[in-house]
Amino acid sequence: MLTVKNLHASIDGVEILKGIDFEVKPGEVHAIMGPNGSGKSTFAQVLAGNEAYEVDESVSEVTFLGQNLLELSPEDRARMGMFLAFQYPVEIPGITNAYFLRASLNEIRKFRGEDPLDPLEFQELLEEKMRLVQMDPVYAERFVNAGFSGGEKKRNEILQLAVLDPKLAILDETDSGLDIDALRIVAEGVNRLRSPERAFILVTHYQRLLNYIVPDYVHVLYKGRIVRSGGRDLALELESRGYDWIREEADVSA
Amino acid sequence: MSHITDQNASPVTVDRLPELLSAYSLPETDHFCQTRQRARELFPEIPLPHAKMEDWRHFNIGAVLNGRYSPVFGSCGGQSDRPTTENLLSAEDTAAELFFLNGAYRPDWSRERTVQGVYAGSLARAAADPATSGSVRELLGSVLDLRDPFVCLNTVFLADGAFVQAGRGVACAEPVHLVFVHTHPEGTVTFPRLLVHVGEQASLRLVITHVFADNGESAWDNMAGELILEQGARLELEETAGLLGAPRRFLSLMGARLNRDSSLNWRVFTLDGELVRRDCRALLDAPGAEARVEGLFINSGKNMMDHPVRIHHRAPHGISRITFKGVALDESRSVYTGKVLVERDAQKTDSIQVNHNLVLSPEARVETRPQLEIYADDVRCTHGATAGPPPPEIVYYFQTRGIGRQQARLMLTRGFVEEIADEITVPALRMAVLRALSKRFGEEEP
Ligand SMILES: Nc1ncnc2c1ncn2[C@@H]1O[C@H](COP(=O)(O)OP(=O)(O)OP(=O)(O)O)[C@@H](O)[C@H]1O
Ligand SMILES: [Mg+2]
Chain D
15 MLTVKNLHAS IDGVEILKGI DFEVKPGEVH AIMGPNGSGK STFAQVLAGN EAYEVDESVS
75 EVTFLGQNLL ELSPEDRARM GMFLAFQYPV EIPGITNAYF LRASLNEIRK FRGEDPLDPL
135 EFQELLEEKM RLVQMDPVYA ERFVNAGFSG GEKKRNEILQ LAVLDPKLAI LDETDSGLDI
195 DALRIVAEGV NRLRSPERAF ILVTHYQRLL NYIVPDYVHV LYKGRIVRSG GRDLALELES
255 RGYDWIREEA DVSA
Chain U
41 MSHITDQNAS PVTVDRLPEL LSAYSLPETD HFCQTRQRAR ELFPEIPLPH AKMEDWRHFN
101 IGAVLNGRYS PVFGSCGGQS DRPTTENLLS AEDTAAELFF LNGAYRPDWS RERTVQGVYA
161 GSLARAAADP ATSGSVRELL GSVLDLRDPF VCLNTVFLAD GAFVQAGRGV ACAEPVHLVF
221 VHTHPEGTVT FPRLLVHVGE QASLRLVITH VFADNGESAW DNMAGELILE QGARLELEET
281 AGLLGAPRRF LSLMGARLNR DSSLNWRVFT LDGELVRRDC RALLDAPGAE ARVEGLFINS
341 GKNMMDHPVR IHHRAPHGIS RITFKGVALD ESRSVYTGKV LVERDAQKTD SIQVNHNLVL
401 SPEARVETRP QLEIYADDVR CTHGATAGPP PPEIVYYFQT RGIGRQQARL MLTRGFVEEI
461 ADEITVPALR MAVLRALSKR FGEEEP
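Protein sequences appear in the order of chains D and U.
Here the working numbering is used: the first residue of the first sequence is 15, the next is one more, and so on.
Here the working numbering is used: the first residue of the second sequence is 41, the next is one more, and so on.
Derived from the structure by calculation, the hints contain no laboratory data.
Keep in mind that a hint or two might mislead.
[Stated by the list, open to error] Here are the in silico distance ranges between beta carbons for each label pair:
{"id": "1", "chain 1": "D", "residue 1": "E155", "chain 2": "U", "residue 2": "T426", "range": "19 to 27 Å"}
{"id": "2", "chain 1": "D", "residue 1": "D132", "chain 2": "U", "residue 2": "T426", "range": "34 to 42 Å"}
{"id": "3", "chain 1": "U", "residue 1": "I414", "chain 2": "D", "residue 2": "R222", "range": "48 to 56 Å"}
{"id": "4", "chain 1": "D", "residue 1": "D129", "chain 2": "U", "residue 2": "R122", "range": "55 to 63 Å"}
Just so it is clear, CB atoms sit at the ideal spot from N, CA and C, and this is done for glycine as well.
The shape of chain U in the complex, shown without the other chains (with noise of 0.2 Å):
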């Protein structure tokens, strides 16, 4: 595991490029030498974002981009000891528990269990194993694009990262969990990476936990994640942030890829974090592919919460359907932008997005996008979009039945949240979710 801290760091910069990589100490001929290879040779071409571009306008990544950082990979001077998640989710529970830990894998915390056809492990071992190596040289990059910025920049600095393969038929009922433990120092960046591939007519179970511990102020995590579906397979994913742990910037770009009659279902929940941007897209690329995110996230202080959810459906007979909701509190900032796009081809989709947000104090602000490009003619799709507080003519419903204005507030914020989180398929995840949830809003006012 390599260690890395630059004491000169200064912004990410393409200048700054060949710099940060000499001070990171990459193996100089492993299996995707190639791959960071092509990144660190586009990087330079890409402009980074800024509030000027109408994907970036209403988030503040001059913020993420102006800080200093160098690249950090593994044990760095943060927590090292391996963190408890028995309460969401005990390792009896599930099929493999894999830590990974600024990036790096961690097999010394790792529970690794052999389920038939199922690999659940380390990218670069996956890479390096010619049972999988296949697999990986073919999946790895396929869905991002490596002209995102962020997908590039987590290529230039791809060492390690998670990979999880359910085989051809296979049905994996217990959970694989993912634990990303992100704890590093002031001015550090790290690049965790995913890649998921569910075969033909498998199914899998997948619950992704994001461990922040011990962040320095501007510690910056920037996740790349790719999930693809065969013919007939069907994913079941969980994904958690801010449950254990504050991001302090944490920008997450994920993609799935939907081969035909594929179904996806992805839960995506930002429970806490300063500065976070969570990217969810799904390509729903075959006949008959079926998506369906949902989302929650829960946003107080001064911080600033973005997530974009994009779907495009390619092929026909496609369903996709989006429920975001947002819990807004105190100074915050949150963003959502849902966009389905919808090709010529793509007849007879049928698409329902809605997005809903609890603004529950006056100095909160959403901006919530719900967007819609069609371009075939024979499809279902709509959407909504709300954004205020608890109606009044509810709360005083409550007070006439005696339960006051906090409580009725309280009262209809778990309700409000509890109706995502009921969703969780994975339950001691489930109740983890829900009770830190009515922690957070018991009896208290927010």
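Same shape as in the complex, but just chain D (with noise of 0.2 Å):
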């Protein structure tokens, strides 16, 4: 589904990515765990498009679904069935959540070859999609986002992650910010998401999130780099450990 090989990124000059190795497949659930500032969101922002960043196309390949990414806009790469779930969503005042997500499903279903959804039927598809994230209907009139508490906008993540139904769902740090009820609920939201067609990439800081969520795999991204990958255990070693026998590893194998 998505192969990332030798991928160099930079922002404002500065090389933040510094050749990842990355495959997922179909059904896979993998999670990505390191240290603050080590570039999980930028690798999670350039796989999604965000142009900020600066891939080095002469080194770096990725591919989704056979195509090529890094030569896809981002609505494209979206059209296609990526989905990225923001660390910091953005409030978006005057458009309506329901307004908002319905514009990005049509955009989404006409890229399918599928005919648009009129205003009742798409209502009816994101009631049933607010029950599973149980989220207020209040919601679905307000502002997207605007005003929003910190757990309040995750969520509000996860229900377009619903309603969108991708085929790769990378989130950053959504657990963050949570409390615990809202952490099961988004768990069990995404539990529920899980099938053979679709793949997760979960970006946190927390092995609890991944004890609500089992991940396949769990990689230590570092300084650029993924120095390290394995399976749930990993998380446990990580929670228990900390990084810095990974950094030690690291540094000293650099």
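Mind assembling these two chains? They're in different frames, but the hints should get you there.
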């Protein structure tokens, strides 16, 4: 589904990603962990197509569903089935959640050759998904994220995920800022959306999330490289030992 | 109805005034004789505005004043049919629907209804009618300063206009609709006039629609209007220009005076127009008055729009809110100047002023100047202004949801403009404005 080879990316002339190799197959759940500033969000943003980052295309190779991802606009990536839940979702004054999500879903449907949903059909779908993520229906008519608490914004990202039905969902610290109930709801939502066709990349700092959503692989990103990969045990090991040993190993081998 | 076209039109200047007046057939002995006379005597003493004056620095007033004009009144070769306004507001849903053609009242187009305690009709007729003449004499010219050149000029040519009066305690729920039709050839100027009086504890809803049709290239409309709110009065005012036809050169100066505990809700829409300046002023003259001014302009092409808004707090416990928004496209030039003046006695004033501008083209320019001048010490006044393109991080967020850049910008623009239109209190008009906006910022890139 997604193949990343030797990905180098920089921002404002500073190289952040220094050669990432990474592969995701349908149905898999990958967790990416790593200390602050190691490049996790950068990786997620580069996959989503954020133009603030410059990818060194002379060495980097990224394929998504058989296509050269680096040539695609962010909207085409989304239409093909990529979804990024932002670490810091933006507020959009003047546009309601319902209107925004319907426009979004209909763009994706158009790309797939499906008919657009009219407001009523969409309303039904939205209500169903709002129940799934246990969100009060009044949020449908509120402006996107405007004045939402940190946790509400995160939950709103999961609502979008549920409505848009992507093939590859990247969750950038969606668990941060959630209280324990919200965390459980988000995790349950994700678990229910797990399927053999859909893959997840979970960026997280906390083993806690991985108790709810059990990953197939855990990767540690450090200084722009994946320095270690393993099964879910790796997350447990990080939880008990911290990152120092990873740092030492990586800095020695570097 | 008089009809004048002066073939030898030249710039409106002091020297030209007598000549212009002789060409403009005004009644010899109507009730405005003395008013006009005063204005005529004063006009030569008033300096005409120019680009070096602070208030006119950002507006190309030269482009208006350097034109050659002869004044016209009533029908004068433009469109001669009554324009259709049904799609904005049906006559059925109004307390009265009055049409003015180039400043002259058109009873044959209008639907006057008698609502107990409400007068809505011709200003000239009201000035002649013993029932209303006292009010007209007392109120006309009592808000706007005759030393303002455009007020003065308007008054020099005063012949008729609109007069709306709600008597003490009258609550008129249905809107009074005033339709000002501006349709006249190149090289002509009109002087529409408006006087509104809301009596003690009365409430009135007023919709003003400016229709522009078949105007010659340099056709100029120089409007002046006065709104007087007595103690405890309420006025809802919805004023649109550019919804039905676009103005060529449109200067309008509207001033309100608010008495004790009165409240004014005023919405101004300029959706199109070539060279437009709409001055909105409110004087909070007695304690407890409240003025809310909301505005939206959409400026495109090489057009120029200027919206100076002034709130003058003269008495304590006043509340004022200015929410002005602008959308700037193409190579347009836009100015917003908001001045809130709080006098020393206006303690406990509560004032918030915001001006937000969405700049959709790198060639468009927006000048935003929110200003506060405070002489009282116990007040709460804030102001804020922004001008810029849709934030790239928001556009990017749309993109990550499958919505392309162009459509994102359109959706953001619609959301931006709808916020003001949503506030319109007359449902049919609100729908009409929303329709126009969604048509304007529909599927294609603006
Ligand atoms: N404009 C910029 N110029 C230079 N460096 C930048 C810029 N923006 C981000 N960085 C740096 O890029 C590095 C990676 O940031 P990123 O947000 O990807 O880290 P992260 O792993 O997601 O961290 P966290 O766990 O705190 O979310 C950081 O060291 C950050 O300071
Ligand atoms: Mg991060």
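Do the hints match the structure? See the list:
Distance hint for D:E155 and U:T426: a CB-CB separation of about 25 Å, consistent with the stated range 19 to 27 Å. Taking the beta carbon of each, D:D132 and U:T426 are about 35 Å apart, inside 34 to 42 Å as hinted. Taking the beta carbon of each, U:I414 and D:R222 are about 53 Å apart, inside 48 to 56 Å as hinted. Judged by the Cβ atoms, the range 55 to 63 Å given for D:D129 and U:R122 is violated: they are separated by roughly 44 Å.
In this structure, the one hint that does not hold is number 4.
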